[in-house]
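Kindly generate the complete structure, drawing on both the sequences and the hints.
Order-wise, the sequence lines are chains H and P. Heads up: the first sequence begins at 1 in this note's numbering, then just goes up one per residue. Heads up: the second sequence begins at 91 in this note's numbering, then just goes up one per residue.
Please note that a few of the clues may not be correct.
Said to hold, decoys possible - Mimicking EDC-like on lysine to aspartate or glutamate, the simulated pairs with C-alpha atoms at most 16 Å apart in a straight line are: (1) K261/P with D232/P; (2) K186/P with D214/P; (3) K284/P with E179/P; (4) K112/P with E85/H; (5) K112/P with D55/H; (6) K136/P with E85/H; (7) K136/P with D55/H; (8) K135/P with D120/P; (9) K266/P with E237/P; (10) K5/H with E65/H; (11) K5/H with D55/H; (12) K28/H with D55/H; (13) K135/P with E85/H; (14) K5/H with E85/H; (15) K285/P with E237/P.
Quick caveat, the hints were computed from the structure, so don't treat them as lab data.
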Amino acid sequence: MVKGKAVAVVTFPSTHYAISAERLLAAKACAYTIIPTPSELSHQCGIALQISFDDVQSIGILLKESRIRFLSHRGTIVDNRLYLEENTML
Amino acid sequence: MEHPIIDAREKPCPIPFVLAKKQIEEHTEDFTVLVDNEPAYQNLKKLAAASGYSAQIQQTEQGYSVVFSSDKAVHDFHDLQKPPAKSDEPWVLLLKSDVIGQGEFELGRNLMRMYLYTVRTGNDYPREIIVINKGILLATEDIHTIESLKMLEDAGVVVRVCGTCLDYYHKTEALKVGTVSNMYEIAHSLHEHKKVLSW
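Right under this line is the structure:
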C-alpha cells in the first residue's frame, strides 16, 4: 500500500509575489512549506509553497484577496519526496 | 531479468504515476503497470515518453496493461527534484547564519529554508550539521528549518548547536532540535572531515 500525502505546490510569476504570499500565510498561521520550485515548473519563480491539498481553496481565496498572482499544481509526497503529476494545474 | 508487475488498479490518481516513476528512478529496465482507467494510462504513456522508455498498451478485461521497456541504458529523465549526486566521502554542513547570502532578510531566510528542504529530500545527507553564531536561530526559531533539521536528525545526521551562541542570544531554553555542543567538538568535527560546506 502506498502512503501518499496529497499536496499542492503553489508557484508564482515573481519572487516578490512568492515572498508576499509567504508573509501572508505566516500572518494567518496557515501551514505551508517553502520549497524550491520543481524544475518542471521552472518557468515560474524559484520560490514555491507546498501546502496540504485540503487547504488549496482557502489559501487560494486568501491569495486572490491580496491580489497575489499564483498557480497551483497537484502533487503527492511519497517517501519524503515530492512528485508532481503532469498536467494537473488546479 | 525480473519484470515487476505493478497492480495499480483501483488506486487513486496520481498513485499509478508515482509507482511507475519510482520504478524508473530505480532504473528498472522493464516493468508493467496495470491500471483501470484511460487517464491513468495516458499519463503513463506520457511518463514513458519523457523518461526514455517505450510503452506498449494492451486493453484487458479489467482495464489496461502498460508495458514499460527501456530504450536506452541511460535515461534522460527529467526528475522534478533530482537529488544531488551521492558523495563518496562524509561531509559536514556548517551553517553560520540563519540566512543565505547578504541582502534582504526575507529572501535570505527563504533561500536557507529551501536549501535545507533540498538537503532533507535528497539522498546525500551530511554526516553532521553544525549551527553556529546566528545559525542557531535555525534550530530555535524558524519552524521550517527546525522541521528539516529534525527530519535529518531522525535520519541519523548529527546536529550540533553552538552552546556559547545559544547563551549569547538567550536561546538556550528555545532549542528545538540538535544537541548543545562546544568549540572542542565543533573544531574536531571540522578537522576530521575533509569536505565541509558552509553558508
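Cross-check of the supplied hints:
{"no.": "1", "hint": "K261/P with D232/P", "in the structure": "holds (12 Å)"}
{"no.": "2", "hint": "K186/P with D214/P", "in the structure": "violated (21 Å)"}
{"no.": "3", "hint": "K284/P with E179/P", "in the structure": "holds (8 Å)"}
{"no.": "4", "hint": "K112/P with E85/H", "in the structure": "holds (13 Å)"}
{"no.": "5", "hint": "K112/P with D55/H", "in the structure": "violated (27 Å)"}
{"no.": "6", "hint": "K136/P with E85/H", "in the structure": "holds (11 Å)"}
{"no.": "7", "hint": "K136/P with D55/H", "in the structure": "violated (29 Å)"}
{"no.": "8", "hint": "K135/P with D120/P", "in the structure": "holds (14 Å)"}
{"no.": "9", "hint": "K266/P with E237/P", "in the structure": "holds (9 Å)"}
{"no.": "10", "hint": "K5/H with E65/H", "in the structure": "violated (28 Å)"}
{"no.": "11", "hint": "K5/H with D55/H", "in the structure": "holds (13 Å)"}
{"no.": "12", "hint": "K28/H with D55/H", "in the structure": "holds (13 Å)"}
{"no.": "13", "hint": "K135/P with E85/H", "in the structure": "holds (13 Å)"}
{"no.": "14", "hint": "K5/H with E85/H", "in the structure": "holds (13 Å)"}
{"no.": "15", "hint": "K285/P with E237/P", "in the structure": "violated (25 Å)"}
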